[in-house]
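Colleague: As a plain string of letters, each chain reads:
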Amino acid sequence: MTRYLMTLYRGKWFYFSALLIMLGGSAIGAYYLFPPQYTAAARIWVDGQASDRDSSMGLTVAKREQDALEQLVNTDTFLAAVLKPTPIGAQLNGLPHHDEKIMEPVRDHLTFETVGSNTLVVSYDGRDPAVSQQIVQGTLTQFQSWISTTQADLTAAQSQQYQVEMQQQLDLYKQQMVDAQKQVTDFLALNPDPLPATAEYQQFQALKQSADSAAGLYATIAARLAGLNTSGALSNTYQAMNFRILDAPTAPAVASVPLKQVAEYIVLALGASFGLVAAAIILLTWRDPTVRTVNDLAAVTDLPVLAVVPALESSSIQERASVIHEVVTVTIAEQASSRR
Amino acid sequence: MSTNLPLTIPLCDDDSLFRDLYTRMLRQIQVDAHNVVGVTSSVDGEGKTTIAINLAITLANDHGLVDSGKRSGEILIVDCNPGTAGTSQGLMVESIPGLIHYLRHQYPVDGIVKQVFLPRLWVMPVGSSPFDFSPLIRTPTMKDLITTLRDRFEVIILDLPSILTTTDTLVMAGLADQLLLVVRSGVTPSDVLSQALQRVGGDKLAGMVLNDYHRPLPRWLEKAV
Chain A
1 MTRYLMTLYR GKWFYFSALL IMLGGSAIGA YYLFPPQYTA AARIWVDGQA
51 SDRDSSMGLT VAKREQDALE QLVNTDTFLA AVLKPTPIGA QLNGLPHHDE
101 KIMEPVRDHL TFETVGSNTL VVSYDGRDPA VSQQIVQGTL TQFQSWISTT
151 QADLTAAQSQ QYQVEMQQQL DLYKQQMVDA QKQVTDFLAL NPDPLPATAE
201 YQQFQALKQS ADSAAGLYAT IAARLAGLNT SGALSNTYQA MNFRILDAPT
251 APAVASVPLK QVAEYIVLAL GASFGLVAAA IILLTWRDPT VRTVNDLAAV
301 TDLPVLAVVP ALESSSIQER ASVIHEVVTV TIAEQASSRR
Chain B
341 MSTNLPLTIP LCDDDSLFRD LYTRMLRQIQ VDAHNVVGVT SSVDGEGKTT
391 IAINLAITLA NDHGLVDSGK RSGEILIVDC NPGTAGTSQG LMVESIPGLI
441 HYLRHQYPVD GIVKQVFLPR LWVMPVGSSP FDFSPLIRTP TMKDLITTLR
491 DRFEVIILDL PSILTTTDTL VMAGLADQLL LVVRSGVTPS DVLSQALQRV
541 GGDKLAGMVL NDYHRPLPRW LEKAV
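Sequence order for the protein chains is A and B.
Heads up: the first sequence begins at 1 in my numbering, then just goes up one per residue.
Heads up: the second sequence begins at 341 in my numbering, then just goes up one per residue.
Chain B extracted, bound-state conformation (with noise of 0.2 angstroms):
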């Protein structure tokens, strides 16, 4: 299903704006099937991670998840990005321990899964010394935990690396159901966005965020044109 939104749109709060995206997403996707999405974007510093946290904490207020039975309504945000810890920061934990340690068979799941400030957000952070990250994630390990994060948590959001930065992305990618695109307005260059879209490929991809938007023309002109 394609939005095709106007070039403006009304500027309003990040809360509704989050609940609208995740509306939207959630129509692209069916919540029982598929409920790991992946967030990436094409080069660092396009905000994916903001995205990502935003949206995570946008689902753990929804209480529609909760009232829907099936599961717990919890949401968990898997830091998948070895060397930043974005996520972590973003939601005021410890990156240490993470998912490296549970790669490592140094933690158990519920050592490196971290309640946050709100009742039914849990954040997975990235861990420390990210040199065999690459390796790790591409064991069955990382599918496993993947599978059994899946019966625990309502959505999973990975919080992906870039995809033309790295390979990992793609071998995450694969462990996704759907995968959102951030694009950052002003920045991404459009054959670099291209680029991203060929390598990632169309099958997962269920929509694009355009992040950073700067209103490009007062209101009386943009009607004038």
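Bound conformation, chain A alone (with noise of 0.2 angstroms):
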């Protein structure tokens, strides 16, 4: 122990030095391996109550718009156009080995959750305040577009298929009103002016109600065609994803620090600037086969050490006459003193 911790006196300003210069190195990393974030989040309130079958599974309608968005996110074509007003969708160039690479950063970082069953807050952490708060809002503006569309499309495709069936309805009692028509008609041919009170009246009577019949839903089903309203025909599902904008995002001011990550990195570069110069002591201390002290010595031989001169200021022959000269001139001053 006494080696080692003689090693690491007899270089203290080197091992210093390169504690310092690894700390340092270090905090540099540290600059760029975590730069100031800047988070924008919004908080947004979707409407409506969830199912019974989604209440059962413990799903909230918040839970429910994450999981849209998170999957819209994953979608290349949604997030470039949430990035396309921003700086990052300028890098974009719709190849798609190229724009993922792009992207899976924008992803990374751009997060959801839900508070409360109606409460979804989206949040961006980025370097620059003012993109974060753009993808925030474009995230909003791109979902509540595809909300839209996607109800427009059903209820064009629902109002479509009603219609379909509306008409073959119509032609169905059309074919009905033409039949009893003919009917009568024919029934007249033959019996051109009945007698009433006789048994051809009544069955004149009794088709003629029948055309009757048939013309009237006939007419009430060309009308309920005619008068059909296409936005009231709304799915269900899609009307109960429209949501509303609590808190809209604003760009940060203050940059956030991942303290835990920062804290963690610090640690790890503390114990690893540590550990290299334990083992350079260790290493050094190993090699090193000169004897240094006394019981160096005395652990080579039993010779006795009958002198221990300590270390010269200066090394050279040259140098160490002229200390060994200074000695001598004091001397012999002091022995011209003493006689007189």
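Incorrect hints may have been included.
As the list claims (entries may be wrong) - Across the chosen pairs, the derived CB separations fall in these ranges:
(1) Trp13/A to Ala564/B: 17 to 25 angstroms
(2) Thr111/A to Leu561/B: 48 to 56 angstroms
(3) Leu561/B to Pro105/A: 48 to 56 angstroms
(4) Ser17/A to Ala564/B: 23 to 31 angstroms
(5) Phe274/A to Leu561/B: 12 to 20 angstroms
(6) Phe274/A to Ala564/B: 15 to 23 angstroms
(7) Leu561/B to Ile266/A: 22 to 30 angstroms
(8) Leu561/B to Gly29/A: 32 to 40 angstroms
To be clear, the hints were calculated from the coordinates, so they are not data collected in a lab.
In this text the structure is predicted, and so the values were computed from the model without any measurement.
Note that CB positions come from ideal geometry on N, CA and C, so glycine has one too.
Both chains are sitting in their own frames, so use the hints and assemble them into the complex.
Modeller: What follows is the structure, given as structure tokens:
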């Protein structure tokens, strides 16, 4: 242990400088690895309540909204639309491999968190506060647009099917009406003027009622088909995805620091720095075969150590000679003064 | 005798430190009988020349040796490091002529032993052109020189080459009474030290000097550990 301490003390300034350099390098690394992050967030309210089936599975409307958003963000088209007004969007060139590299970090930093059953927080961590705000706002805008488009598509699809069904029904009733009219016409052709209270007259009345009934049904369906309102046939599911923005995203003024990650990095850097210095000390001590102390001499031989001469400040023989000469000169002067 | 020093010692000025060194060293050796001390190290660059010079200066300043009455109390430091001339430089004397020139019979002893700025301190430089240094130190002339110098000087300090760089060290270590091994803190590998100790053997080694020592830990941490 003493020898290790001796090695450390002997090279104390070197090890101290090395530690300073390593810690300085770590600090620079921390600055680039953990740059200040600006978090922009928006809070939205999702209307409605969860269906019985969703409730039984523990799903809230906010959770459903979150799932939809996460799937949409993983879609290149959706995310490209979100990034389009931002500087990041300018880097996209349409090549999948190239755009994927740009979009992946955005996906990593865009997060969705449910707060309660109807509230969802959309946030983004980025180096530029303005871009963070743009991405969050863009996400909400594109999501709202997607909801509206989907609703309209479904409405249109549903309206067309309804019209087709109604038309088919109309055609059926029309055929029935035509058939009933034909039966009346054919009867009158055979019995031009049936007398009342006769069997022919009763048969004529029955045929006439059927024809009137078929005509009435046809008229009703035709009117309904003509006054159909497509905006009323909205899908219940997508109508329930509508949301309202409670807190709009703003450009954050203060950066947030990932304290936990920075602390872990600092601890790792400190450990590595001290570990390297310790390893150097151990290695240098093991590889130091020289005799340094009286104890080292005693380990080699039993010969007595008659003197331990401290290190002179100078090392060259000329300088050592001048030191000796100085000692001698002082001695001569002392002798001369003692003779007087 | 073993001195178990603590991990750190209070820092003190060079003079008292080397006085302490030489005092402890003298406890290990008998000055009367053994006055040739070799200072060496495992490899080059561990500070043996500096230690040798400082030890010589401290001994030269010690009036106690003069008062012993047996000898003059003069100290000689012999530079046995061919090609470096560190001792000469440290004591600011000319490196030529030197030991090599004596061994070649080109100069007498008095011609190569030079007094330095302290009254009782003398130095014998190594000289120049060291290509024939190895064979010269193995001649009886070298041994006779040391014998001659023993009678003249109180203490002779041999600034020897390092043990593992040349075999000359072992030859000259044989001329010394005691050896001092300098180990530089934070520089000398323990296996190199072991190898040097094995090569030189433990007979003449009086002890070690741990040089260039830096306090390994601050006091408060040392107490905690």
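Colleague: All hints, please: hold or fail.
Modeller: Comparing the hints with the structure gives:
Remark: the range hint 17 to 25 angstroms for Trp13/A to Ala564/B is upheld by a beta-carbon distance near 21 angstroms. Between Thr111/A and Leu561/B the C-beta distance comes to about 53 angstroms, which sits within the given range of 48 to 56 angstroms. Checked against the hint of 48 to 56 angstroms, the pair Leu561/B and Pro105/A passes, with Cβ atoms roughly 51 angstroms apart. Distance hint check for Ser17/A and Ala564/B: the Cβ-Cβ separation is about 25 angstroms, which falls inside the suggested range of 23 to 31 angstroms.
For the pair Phe274/A and Leu561/B, the supplied restraint of 12 to 20 angstroms holds, since their beta-carbon distance comes to about 18 angstroms. Checked against the hint of 15 to 23 angstroms, the C-beta distance between Phe274/A and Ala564/B comes to roughly 20 angstroms, which is consistent with it. The beta-carbon spacing between Leu561/B and Ile266/A, approximately 28 angstroms, falls within the hinted interval of 22 to 30 angstroms. Our hint of 32 to 40 angstroms for Leu561/B and Gly29/A holds, since their Cβ atoms are close to 33 angstroms apart.
Checked against the numbered hints above, the structure violates none of them.
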